[in-house]
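Work out the full structure: start from the sequences and follow the hints.
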Amino acid sequence: MPRVLVIAEHDGTTLNPSTAKCLACAAEIPDAEIDVAVFADGGAEIATSAAQLESVAKVMLADNPANQYPLAAVIAPQLVALADGYTHLLGPSTTFGKDLMPRAAALLGVNQISDVMAVLESHKFKRPIYAGNAIVTIEAPADSPVVATVRTASFHSVGAGNSATVEQVSPAAEIPDHTRFVELQAGKSDRPDLQTAATVVSGGRGVGSSENFDIIFKLADALGAGVGASRAAVDAGYVPNEMQVGQTGKIIAPQLYIAVGISGAIQHLTGIKDAGTIVAINKDEDAPIFEVADIGIIGDLFQIVPELQETVGS
Amino acid sequence: MERILVGLKRVVDYNVRVRVRSDGSGVETDGVKMSINPFDEIALEEALRIRERGEADEVVVVSIGGKESEQQLRTGLAMGADRAILVDAGGRVNPLTGARIFLELVNREAAELVILGKQAIDDDNNQTGQMLAALWGRPQATSASKIELSGSTLKVTREVDVGLEMIDVDLPAVVTVDLRLNEPRYVKLPDIMKAKKKPLDQIAIADLGVESAAAMTELTFEPPEQRQKGVIVDDVAELVAALKEKGLM
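Going line by line, the protein sequences match chains A and B.
Counting along the first sequence from 1, when you hit position 70 you're at 139 in the numbering used here, and nothing is skipped either side.
Counting along the second sequence from 1, when you hit position 62 you're at 1172 in the numbering used here, and nothing is skipped either side.
Calculated directly from the structure, the hints in this document are not laboratory data.
Mixed in with the good hints there might be a few duds.
[Unchecked claim] Ranges of calculated distance between the beta carbons of each label pair, as one might list FRET restraints: (1) 290/A to 1357/B: 18 to 24 Å; (2) 86/A to 1281/B: 34 to 40 Å; (3) 1317/B to 86/A: 45 to 51 Å; (4) 254/A to 1141/B: 52 to 58 Å.
Just so you know, these numbers come straight off a predicted model, no measurement behind them.
Don't be surprised by glycine CBs; every beta carbon is placed ideally from N, CA and C.
This is how it looks when you write it as C-alpha cells:
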C-alpha cells in the first residue's frame, strides 16, 4: 500500500493553502495512506489545521527552534529522517517546495518529479515541460521512493472536516549552521492572495509605469480581486517580483482572470491556462493573448479599465 | 576565492515555439535553434562580475551533454569565462546524475562557488543546484536576485512567493539564479575570435567515475489542451453583460 508523506507549507503561524492542494494530489494515488509533516518552531496550531484536512491519517509535528524559518538545508535532513517507510514524499511546487524537495530527493538518492499535474497510477504522472508547450507522461522507478512537487493549480483543495491525530516527532538529523535566515521582505497587501483569489486582475508592459498601475489596483479592489503582473511589468519595475504570473512566477487558476495590457508571451500563458474565464484588454488586436481569451476587448486600457471599474463599483 | 564553476546547458532557444511530434515520441528538435539556457547566461554574467570585482580568480564554464554543447561553451568563453569543460555524456543526463557530475568536478577543481540557472527551460525541472548542494553537504541559495560577497559568506536575496528573502550562506556554496539578478553582456566579435584559443577540456562521462542515477521513464508526449478562442466584444457594457451571463459578476 502506498504511504504518502505530504510536507506542509506555512509562514510560522498559518498553514498555506498549497498543503490542501498537495493532499488532493496525494489522495489520487490509489489506496494511499497519507500523513503530513510540519517542520516549525511552535507549530501546534499549524499542525491542528493540517489535522483538520480530509484524507490525512496522521500529522507529525517536528518542533525545533532551528525550524523557525523554512531553510531547505535545515529541513531536508529532518525530512529524510522521517521518510523511512514512505513510498511517496510530496511538497508543493511553490518557492518553498522547489527549494526543499530536490535537496531531500538527492539525499535519498532519487530524481524528483517536478510539477505533477495529474496522477495516473502510483508511479505514473503527467507533468509540463517546455513552459507548458508539451505534457509528458512519466513513470518513476518502482523500487525507490517517489519524491515530487505538486503543481497546485492543477488540483482542488481537500475539505477540512477531519480530526487526525497529531504526533510530536524529533527526527534524528544533524542540522547545519552554514545557512542562516536574515530577513523576509514580504509585500504587504490587504488584497486577496494572488494564488488563491477567485478573481485576478493583471497588468503588463502596456500599463506603462508604476503610477499607472494604480488603475489596475482600483479595478481589482472594485472586484475584490488579487493583483498580478506579467514578467515585463515586473522587470520594468512597475510592481514587485511576488506579483509575477507565469512559467517562472506563479501558476494560478482563478475563476476569472483579467489581463490588462499583456501581450501574452507563452511563458505568461502557461501560468494562467487553468483559469476559468480569461478576459483580455489590449490595444493590439494581433496580441497572442486574444488566442486564449474567452472574452476580448480591443482598445485603450486607460479608457476601458476606469470605465469597467466604475460599472462594477456602481 | 580561487574558482567559480558555472553550468551552461544547451537548450532549444527560448524564442522557438516547441511542438510535440505527431507520434508522441518527443518534441521536435531537428533543425531548431539551440542556445545557452537563459538562466545559465545570467549565472555566467554574475560569475564574471564577481571575478571583475577581484573577488574570484577564475571562472570555469561546464556543460554536460553531447559534443555539440561545445558551441554553448565557446559562447561562454567569448562572454569572458577563462576555460571550459565539456562532459561528454552522449546526450542529456537526469538532474541527479548531473549533480553527481558537478560534485566530481567541484572536487577536482577545488571550486568554492557553483552558480547555476534555477531551471533549464527545456525540462523545467529546477533540481540540479539543490541536489548538488545536498550531495556536497553545503548551502544552497536558490532563485537569487542579488549576491554580495562578505568575507567567506555570501549574502543572497532570493525571490520567494511572498516577496524577497535574505539569507547568509557560508562558502563553499551553490547559488541558483533568477531572471532579475543581472542583464547578461553581449558578445563582441573580437571576443569570439579570442574564445577559439581558450582551453576547452573534454572529459568522457565514463572517465569521471560517476554512477548514473535511475531516470524517470518518459512514456508519451502530448500537446497541452488548447483553450478555445473566444469572442471579441465592442465595449465595456458588452463585456459586463458577457461576464454576468457566465455568473462571474
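So, going through the hints one by one against the coordinates:
1. 290/A to 1357/B: 18 to 24 Å: 21 Å, holds
2. 86/A to 1281/B: 34 to 40 Å: 37 Å, holds
3. 1317/B to 86/A: 45 to 51 Å: 49 Å, holds
4. 254/A to 1141/B: 52 to 58 Å: Because 46 Å falls outside the window, the suggested range is violated.
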